[in-house]
Amino acid sequence: MPVDLKTTPQKSLVPADEPGTAGSQIVTSTQGEFVAQDEASSDAHPSVGADVSMLTDKTPPWLRASRRMAIITLLVGVAFWFYSIKPVWHADPWSHIAYGKLIVSEGIPATEPLLPLARGMTYWNSSWLFDVLMMNVDRTLGGAGLQGATGIFAGLIVAIFVSSLAYTTGRTLLACGMGMSLLFLIGHDLSILRSQLAGIVCFLTAWILWQGAIRNTHAWWQLPLLFAVWANLDSSFMVGLIVPLAMMSGRMVDRWVRTGQWKSILRDEHLGKLLLVTQLCILATLLNPYQGRMWWEVLTFSQNPNLSAMVDWSPLTLRSTEGQFFAATLLILLGVIRSSPRRLGTGEMVLLVSLAALGCWNTRQLVWFYPVALWILAMHASAILSKNGWARHASPRAGKWSVVMVGLVWICFGFSPLGMRVLHGKQPTASRLNVAFAPVELTQYLVKKPPEGQIFNPVEWGDFLLVHGPENLKIFANSQVQRLPREVWRDYLTIVDLGSGWSEILDRYSINTVVLDKQFREGVIRRMKEETAWKLVYEDGRGAVFTRKLPITR
Amino acid sequence: MSRPSTVKSRFWRSLILTQLASAILLLTSLAWAYSPVAPLRQASNPVLTAPEVPVPPRTEPLFIAPLYNDPEVVSDEELALVLKKVQPRFPQKALKPNYVEHALRAWTIHAKFKDPEVMSGEQMKEFLTNHGQFLASWGEKIEPILEDRQTGVAIRWGKEQCASVHHDHWLASLTEAGVSLHEPVFLPGGKQRNIGDVLRQSMLDFRVDEIEVEWSAMAFGLWLAPQREWVNNQGRQINFDLLAERLVRGHQRFGVCTGTHRVYSLMLLIRLDDEYHILSPAGREVAWKHLEFIRDQITVSQFEDGHWPSNWSDGALALKDPVEDELYKKVIATGHHLEWLAIAPKELHPPREQILKAADWVISTTTAQTPEQILGTYTFFSHVGNALALWRNTRPNIFFEAWEARESAGGK
Numbered sequence: 001m002p003v004d005l006k007t008t009p010q011k012s013l014v015p016a017d018e019p020g021t022a023g024s025q026i027v028t029s030t031q032g033e034f035v036a037q038d039e040a041s042s043d044a045h046p047s048v049g050a051d052v053s054m055l056t057d058k059t060p061p062w063l064r065a066s067r068r069m070a071i072i073t074l075l076v077g078v079a080f081w082f083y084s085i086k087p088v089w090h091a092d093p094w095s096h097i098a099y100g101k102l103i104v105s106e107g108i109p110a111t112e113p114l115l116p117l118a119r120g121m122t123y124w125n126s127s128w129l130f131d132v133l134m135m136n137v138d139r140t141l142g143g144a145g146l147q148g149a150t151g152i153f154a155g156l157i158v159a160i161f162v163s164s165l166a167y168t169t170g171r172t173l174l175a176c177g178m179g180m181s182l183l184f185l186i187g188h189d190l191s192i193l194r195s196q197l198a199g200i201v202c203f204l205t206a207w208i209l210w211q212g213a214i215r216n217t218h219a220w221w222q223l224p225l226l227f228a229v230w231a232n233l234d235s236s237f238m239v240g241l242i243v244p245l246a247m248m249s250g251r252m253v254d255r256w257v258r259t260g261q262w263k264s265i266l267r268d269e270h271l272g273k274l275l276l277v278t279q280l281c282i283l284a285t286l287l288n289p290y291q292g293r294m295w296w297e298v299l300t301f302s303q304n305p306n307l308s309a310m311v312d313w314s315p316l317t318l319r320s321t322e323g324q325f326f327a328a329t330l331l332i333l334l335g336v337i338r339s340s341p342r343r344l345g346t347g348e349m350v351l352l353v354s355l356a357a358l359g360c361w362n363t364r365q366l367v368w369f370y371p372v373a374l375w376i377l378a379m380h381a382s383a384i385l386s387k388n389g390w391a392r393h394a395s396p397r398a399g400k401w402s403v404v405m406v407g408l409v410w411i412c413f414g415f416s417p418l419g420m421r422v423l424h425g426k427q428p429t430a431s432r433l434n435v436a437f438a439p440v441e442l443t444q445y446l447v448k449k450p451p452e453g454q455i456f457n458p459v460e461w462g463d464f465l466l467v468h469g470p471e472n473l474k475i476f477a478n479s480q481v482q483r484l485p486r487e488v489w490r491d492y493l494t495i496v497d498l499g500s501g502w503s504e505i506l507d508r509y510s511i512n513t514v515v516l517d518k519q520f521r522e523g524v525i526r527r528m529k530e531e532t533a534w535k536l537v538y539e540d541g542r543g544a545v546f547t548r549k550l551p552i553t554r
Numbered sequence: 001m002s003r004p005s006t007v008k009s010r011f012w013r014s015l016i017l018t019q020l021a022s023a024i025l026l027l028t029s030l031a032w033a034y035s036p037v038a039p040l041r042q043a044s045n046p047v048l049t050a051p052e053v054p055v056p057p058r059t060e061p062l063f064i065a066p067l068y069n070d071p072e073v074v075s076d077e078e079l080a081l082v083l084k085k086v087q088p089r090f091p092q093k094a095l096k097p098n099y100v101e102h103a104l105r106a107w108t109i110h111a112k113f114k115d116p117e118v119m120s121g122e123q124m125k126e127f128l129t130n131h132g133q134f135l136a137s138w139g140e141k142i143e144p145i146l147e148d149r150q151t152g153v154a155i156r157w158g159k160e161q162c163a164s165v166h167h168d169h170w171l172a173s174l175t176e177a178g179v180s181l182h183e184p185v186f187l188p189g190g191k192q193r194n195i196g197d198v199l200r201q202s203m204l205d206f207r208v209d210e211i212e213v214e215w216s217a218m219a220f221g222l223w224l225a226p227q228r229e230w231v232n233n234q235g236r237q238i239n240f241d242l243l244a245e246r247l248v249r250g251h252q253r254f255g256v257c258t259g260t261h262r263v264y265s266l267m268l269l270i271r272l273d274d275e276y277h278i279l280s281p282a283g284r285e286v287a288w289k290h291l292e293f294i295r296d297q298i299t300v301s302q303f304e305d306g307h308w309p310s311n312w313s314d315g316a317l318a319l320k321d322p323v324e325d326e327l328y329k330k331v332i333a334t335g336h337h338l339e340w341l342a343i344a345p346k347e348l349h350p351p352r353e354q355i356l357k358a359a360d361w362v363i364s365t366t367t368a369q370t371p372e373q374i375l376g377t378y379t380f381f382s383h384v385g386n387a388l389a390l391w392r393n394t395r396p397n398i399f400f401e402a403w404e405a406r407e408s409a410g411g412k
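The listed protein sequences correspond, in order, to chains W and X.
The numbering of the first sequence is full-length UniProt numbering, which starts it at 1 and goes up by one.
The numbering of the second sequence is full-length UniProt numbering, which starts it at 1 and goes up by one.
These are computed hints drawn from the structure, not numbers from a lab.
In this text, a Cβ means the ideal position worked out from N, Cα and C, and glycines have one as well.
Check before you lean on any hint, since a few could be wrong.
Pairwise CB distance ranges, derived in the manner of DEER restraints [unchecked claim]:
#: 1; chain 1: W; residue 1: 486; chain 2: X; residue 2: 398; range: 17 to 23 Å
#: 2; chain 1: W; residue 1: 486; chain 2: X; residue 2: 375; range: 38 to 44 Å
#: 3; chain 1: W; residue 1: 109; chain 2: X; residue 2: 347; range: 33 to 39 Å
#: 4; chain 1: W; residue 1: 550; chain 2: X; residue 2: 347; range: 23 to 29 Å
#: 5; chain 1: W; residue 1: 533; chain 2: X; residue 2: 92; range: 45 to 51 Å
#: 6; chain 1: W; residue 1: 335; chain 2: X; residue 2: 35; range: 52 to 58 Å
#: 7; chain 1: W; residue 1: 305; chain 2: X; residue 2: 321; range: 40 to 46 Å
#: 8; chain 1: X; residue 1: 210; chain 2: W; residue 2: 533; range: 23 to 29 Å
Using the sequences plus the hints, can you model the full thing?
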């Protein structure tokens, strides 16, 4: 029997609210979800040709995915794969693991436990839960697990952002474009496995949940629960609280402007609910080991004078690449808002300004500005497109897209180090895992010949040495520079800058072993080679180890 | 018509109740976080600008008694000759606080002399604790040595002659001199505070990693034992283990007075630990091992004539490759070593002959000095006087007062 290849009749799929679409068989959801009605019902087979039932979609309707979902899956999959093949290059992942190990074995300490020179300094950890999670990932899956975790966070961030944006605007390509822009703008932050990644996931979830908080009958527990978890994962929950506060104040201003009566604010039934949810969110953040003290510590953290030497915590300037990207984003945003028929809510404006100010205060906080800026940009861009007659295309659901999605997930997972580890038990080699960052061979040398007493090391390597170095290694500093006494940190900077009296400082701390990296401290290595009191005992492409010819003994 | 008003009142009631509940929860959480029973509490909090430091459990400082009365080391006559040389006979104009501090720690606040030109313990204490006295000596153009702070009284220290030369030396000297915690301190502007305020400020300002911790360790030990820890205004928990570790850290040559003050402070902490258990077993072990190491170093670095050189910490190398020391440096090393050995148990002593030789050298050297030479390097010779008195199980003021009384009785 010849098979008629003509199956589903072609339809012009345009939204019902677009002009001139009367009579089209489209069902539009309230949020712009488009579903072709004849495909939504699996029973409705077209009665054309011969036995077309052989080619009809027999996938259960609930299992069918749309092309839009497949495109988003592709983007998410690529994001996951891209970030999970990157080496674990920063100090932060090792810091999380080192402290996570300690927390699991001894609980959360009250004073700094791993830095001998910071003994007695207050230990405050806003990411204790993340530390424990990462420690377990490392213990269970090793380096591949850490790479996979970075990929999963990156994928989650893209998935939440793009799928919600696509759902809200009904424009998949626009959403994907914004998703890629987000990847470009915060890509550097996404490549570092640190608690901030969990913070970004929570921030996006809070942002999206908050937008539907009035209609969502579960918002009163979903948002507080999110904040309770967030307050134990990362200190960025304080930034998250800006979202409800800004949106609520914006709603009040909007209502007052619209009615001209401030009393009308009190008559806003939804405002009461939003206020209550906001308060619950605030209270939920107190559910952490430090209770209310956590707020104070988070708010005063960036004032720690030790951080002034760290680029991440310096204010934004136009001279930096970050500053130039920030300025460009702002200009584009202003241009789009100017041409958009959509009104910019006061809440959105307050939020944008607050997050932009935060980003200008210190560069590291820019990561919160971009998702909101791109979201608002997308909303206005969509409004401009609609105004100019750019139709939103429906995305019919079909079983083939489900297959495509599963295939994409499988490919992206299977070809990632995490997939290799789970499916084949293959672990990336140490040098591949820590390419161009960690001193793998140098650390092996230190394990073979453990240094006695206090050593000097670069901050970037401190955490790695704690995790992989010899037991009870007395490192000088690690990435948690805020916990070092100011005097010790000043001495550290004097040594790495070869400042006046640098070599005497090494004597004062009874340092008999100096570990240096070549990436930033090539000059110090050169100088140490000239010093008669020191001898080079190990050198490779990444760093060098010096020991004192005549050790300082006690 | 009544329903909307009921709804309205219910709305307001629930709103007020939730606000109240939120406020209570928030305040409770903050109060708990900073309460003394919270497991992860921090000593400083946003309301109180500085952490609370422990109140010393005594009003008079402890004194570490010497362990020997050995006339072979120094006879009465020799001691009297040396002490006579190191009497605090200072010019009243531009009187250096450093000199007074050294004299006071050796002679104590109870010192009385027959010679009216010599400052009594009371006068020395007055000079240090009363801004008026300091003003009379230095004039108005000089910055006061006593600084009033919100949390206590700070002492100006530095290289200037009108300041205390070392951090917490002022406090340690008065502490060793036996001053009371309630002794008034008269600040510029007539404000009155007391030694307790100086101690409090010192505990808050103390940094483990500052260059000199020798005197802070001594003063804290003598006031606080058996209290073991406190929190400074950087939020750091300080304890005597940390202090002992710090005193041990680094090459000895970096310590003040060729590294000998560190040894004295460390010995003092061990003696305090014998009675008050201010160190953990590990902390004590570190301190003890270090003192054994010092013992070994001085055993092999003494010169034939009995003096120790300034580079004694180099051990045998100091003899093999001797440095050209000025006399005062030899006096520093030898006098200071004899001082800590006087309070050290025998296990930490070098062979007895070495102690006798050192004492002979330092006695003959001191007695050979002219008053002008002594005045030029008074601080170092004051340690010699104190060390020798300790070897006779006495204090310079007690011995010298009795000696003067005997002398005048004999003269009559």
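Hints versus structure:
1. 486/W - 398/X: 17 to 23 Å: violated, 44 Å
2. 486/W - 375/X: 38 to 44 Å: holds, 39 Å
3. 109/W - 347/X: 33 to 39 Å: holds, 36 Å
4. 550/W - 347/X: 23 to 29 Å: holds, 28 Å
5. 533/W - 92/X: 45 to 51 Å: For residue 533/W and residue 92/X the Cβ distance comes to about 48 Å; the hint holds.
6. 335/W - 35/X: 52 to 58 Å: Taking Cβ atoms as reference, residue 335/W and residue 35/X lie about 54 Å apart, which means the hint holds.
7. 305/W - 321/X: 40 to 46 Å: holds, 43 Å
8. 210/X - 533/W: 23 to 29 Å: holds, 25 Å
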